[in-house]
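S.K.: One letter stands for each residue in the lines below.
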Amino acid sequence: MPADSYAVAIPVGENYRPSSGQRRAVQGSGNQNPTSYGNQRGSLAAQGNRIDDTSLIREAQQGNRAAFEVLVRHYDQSVLRLALHLTGSESDAQDVYQEAFLKAYKNLGSFRFECSFYTWIYRIVTNLCLDHLRKRNVRKEEAPVAIDSSGEEYSRLEQFADIRSGANPERDLMRRELGKKIGSALTTLTPRERMVFELKHYHGLKLRTVGEMLNTTEETAKNTLFRATQKLRAALAEMR
Amino acid sequence: MKCDWVRQNIVFYVYNELEDDARYEVEQHLARCPECATELKATRKFHATLSEMPVAEPTPNLLAASRMRLQEALETTRPGAFWQRLILEPALWLRQIRMAPALAAVIFIVGFGGGIGATYNFLASGRSDSGTLTSSIGSNGANPASVQPLESSAITGIRSVTQEPGSNQVNIKYDTVSTQEAQGSLNDQRIQQLLLFAARNNYNSGVRMDSVDLLTQAPDDSRVREALMYALQNDSNPGVRLKALDGLSGFVRQDPQVRDGVLRALISDTNTGVRLQALRLVEPMKADSNVRSVLTRLGQTDQNPSIRSQARAMLAQMPEMD
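Protein chains in written order, with our numbering: chain A, 5 to 244; chain B, 797 to 1118.
FYI, nobody ran anything at the bench for these hints, they're computed from the structure.
Here the structure is a predicted model, which means the values were calculated and not measured.
All C-beta atoms, glycine included, are put in the ideal place defined by N, C-alpha and C.
Heads up, a few of these hints could be off.
[Claimed, not checked] Beta-carbon label-pair distances, calculated as ranges:
#: 1; chain 1: A; residue 1: 241; chain 2: B; residue 2: 1111; range: 51 to 61 Å
#: 2; chain 1: B; residue 1: 815; chain 2: A; residue 2: 238; range: 36 to 46 Å
#: 3; chain 1: B; residue 1: 1049; chain 2: A; residue 2: 70; range: 21 to 31 Å
#: 4; chain 1: A; residue 1: 138; chain 2: B; residue 2: 833; range: 31 to 41 Å
#: 5; chain 1: B; residue 1: 1060; chain 2: A; residue 2: 224; range: 38 to 48 Å
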């Protein structure tokens, strides 16, 4: 049986260079047009690395922190993205990121490979984000203003606007307006509806996967998506 | 009315969530119905509007800062207690087979192998050379006369697993920082240990399949059974899962855990071939109430027609015993 040569280590996360201090530019700010199927690289790369992850997870379960850090690199961009979209604030997103991976590290022992690590970690992140969304709903009377990492105030609704001065100020203004509308429309959703929509639309996940992550059925996820899109369409139409 | 059903499903159509037959029906209807076609256009516009809006993506700075913060926190955190159990278990195994010094090194190595060499400092200075390790051929698992010292190397992968035809000699090539070879019979503890490792950890499904195949010939051992169950449940390659099923077939009757594992595969494996084989394996046990209830459920509600009909046929052959 022909066997591949495995003298070289498994392909580790793309941004990981063991002994170099520099990190390659992370795909992020340059991404102007998220496709409707979301961050393909995130989900497909996660699936391609599945076999490799098994060894990493077992290493990490035996106390190997370096292996855990490599494992984190496979998923942390997607996780951060999810957290940022749902919390709307860089510092909140960082908090969710931190909490999620620490929780994963502490509970790694109870991971029994009954689902993929991707699903498992997303379950943790979505739970944390849902908690965050629910807390925020309770204090709805507060204006949705946040402080970003440079100390500037910005409206959470504006996260959807491409705020850079382009050659066409009128178009920029329209985009900004639209961005606000979308941001505002999203606040009409319940936390779960928001979550399902986010995972489906911005991360391109199948509703079956979304169901697994949220500990519910595909059917429920489908109904939730339907309700969410109805609400969003209504909210956007109203604002015209 | 058909339009209602189509309207309900247009959003799933646009998000590519419909099964092939539903998608076909929707497309057929849309070609004939102008109102629904308008609805489709509106839904697509909605989808496009939301997709065209650039969304705040994490900046490289944010990602780097988050990673650093996590790293600092990890330095002061202990992982869960599970790993302690795993360290203890091999120690028990060691005492059983009394190969303490050599295997202590090997367990250490097995723990840190798996091809992650690049991240570990102690492997950074490794050089790769090829070597051959021969273990003495003994049918009672006697201690190998000459075991190369393994303290300074680690298993990075299994290259190949072959059995000499017509004999019980197994030849395994595996990589450490030096490539080594182990020869021995299936009764050799070292060979078994390597096979168990290969079945779980190798990236080449062909090698995993060979290992699982050889493990099915190995003497009855609970660790082997565990490895086969693990492969059945978790291996991504259906061929490997089938091999694992073959290996477990002898235990389905006597071991309830194996029976449950096979039932789980029957219910939820993604590959129909694996499911059908699992179905065949539980057939001799169709008098068992667990098996019967699974067969009943499958016969009524399973998506796959051949599984449904076979399950029903099996039930029909047995008189009702409730």
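S.K.: May I ask which of the numbered hints given earlier this structure violates, with the numbers listed in increasing order?
M.R.: Hints 2, 3, 5 contradicted; others consistent.
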